[in-house]
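The primary structure of each chain is shown beneath.
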Amino acid sequence: LAKTTQPISMDSYEGQEVNITCSHNNIATNDYITWYQQFPSQGPRFIIQGYKTKVTNEVASLFIPADRKSSTLSLPRVSLSDTAVYYCSRGSSYKLIFGSGTRLLVRP
Amino acid sequence: NAGVTQTPKFQVLKTGQSMTLQCAQDMNHNSMYWYRQDPGMGLRLIYYSASEGTTDKGEVPNGYNVSRLNKREFSLRLESAAPSQTSVYFCASSEGGGDPRGGYTFGSGTRLTVV
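First to last, the protein sequences are chains D and X. Letter 25 of the first sequence, counting from 1, is numbered 25 in our numbering, and no numbers are missing. When you read off a place in the second sequence, starting at 1, and then add 1000, the result is the number in our numbering.
These are calculated hints, taken from the structure and not from any lab test. Just to be clear, a hint being listed does not mean it is correct.
[Unchecked claim] No more than 27 angstroms apart at the CA atoms, straight line, and that leaves these computed lysine-lysine pairs for DSS-like: (1) D:Lys52 <-> D:Lys3; (2) D:Lys95 <-> X:Lys1071; (3) X:Lys1057 <-> D:Lys95; (4) D:Lys95 <-> D:Lys54; (5) X:Lys1071 <-> X:Lys1057; (6) D:Lys52 <-> D:Lys95; (7) D:Lys69 <-> D:Lys54; (8) D:Lys95 <-> D:Lys3; (9) X:Lys1009 <-> D:Lys95; (10) D:Lys3 <-> X:Lys1057; (11) D:Lys69 <-> D:Lys3; (12) D:Lys69 <-> D:Lys52.
Remember, it's a predicted structure, so these values are computed and weren't measured experimentally.
Only chain D is shown next, with the shape it has when bound in the complex (with noise of 0.2 angstroms):
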């Protein structure tokens, strides 16, 4: 059964690098690996998104090994705007699987 992994909950400060981590041990040869950020009463906003090796935009950065069991995303110098919950999903056609999401608390 094709599963997501991710921590329940993070906690950081203002300025500081934070990097989630999601295991997806089944994933499939076709499928990307995306990222996604949701606040409170919104539907998810997409971040990033990788097959392999790493990938950067203004926002964040994706890290993904070479046996694509896991991906990690990176954001630089978090701020109090970042508290939110991150999902991590994978899948290459119509059935993206989410993880259970990881609620990132940012602190002054």
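Knowing the structure of chain D, use the given hints to seat chain X on it.
Just chain X now, kept in the frame of chain D:
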């Protein structure tokens, strides 16, 4: 620039009542999806529509039906609501072709309570 619009935002139903959740997107996306979100369980796919005129079951389709009314609109119907269907429902869309590149665009959700 509305993106994905869901109505209603909140709804309380009695057990056995029926209702339809509405979803519309203005991004000319081909594919649309309905997810439910429950505490500790992430998002689970109920139904999806790969393109106009097609619908398929996802992970948790029991108790639901869908209609892809046109390219813009994708509705979710509960024929006889049950307390187990208390959840937050999200509609999403993507460019389609089964390719997840670029991610999904989600609506803001419908919070449904069945008593």
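Here is how each hint holds up against the structure:
1. D:Lys52 <-> D:Lys3: At roughly 19 angstroms apart (the allowed maximum being 27 angstroms), Lys3 (chain D) and Lys52 (chain D) satisfy the hint.
2. D:Lys95 <-> X:Lys1071: holds, 19 angstroms
3. X:Lys1057 <-> D:Lys95: holds, 10 angstroms
4. D:Lys95 <-> D:Lys54: The given pair, whose Cα atoms are some 24 angstroms apart, holds under the 27 angstroms limit.
5. X:Lys1071 <-> X:Lys1057: holds, 18 angstroms
6. D:Lys52 <-> D:Lys95: holds, 20 angstroms
7. D:Lys69 <-> D:Lys54: Distance ~14 angstroms between Lys69 (chain D) and Lys54 (chain D) Cα, so the pair holds.
8. D:Lys95 <-> D:Lys3: Status holds; Cα separation ~13 angstroms.
9. X:Lys1009 <-> D:Lys95: Holds - the C-alpha atoms of Lys95 (chain D) and Lys1009 (chain X) are around 25 angstroms apart, at most 27 angstroms.
10. D:Lys3 <-> X:Lys1057: holds, 19 angstroms
11. D:Lys69 <-> D:Lys3: OK: Lys69 (chain D) and Lys3 (chain D) at ~11 angstroms, within 27 angstroms.
12. D:Lys69 <-> D:Lys52: Within the cut-off at roughly 10 angstroms; holds.
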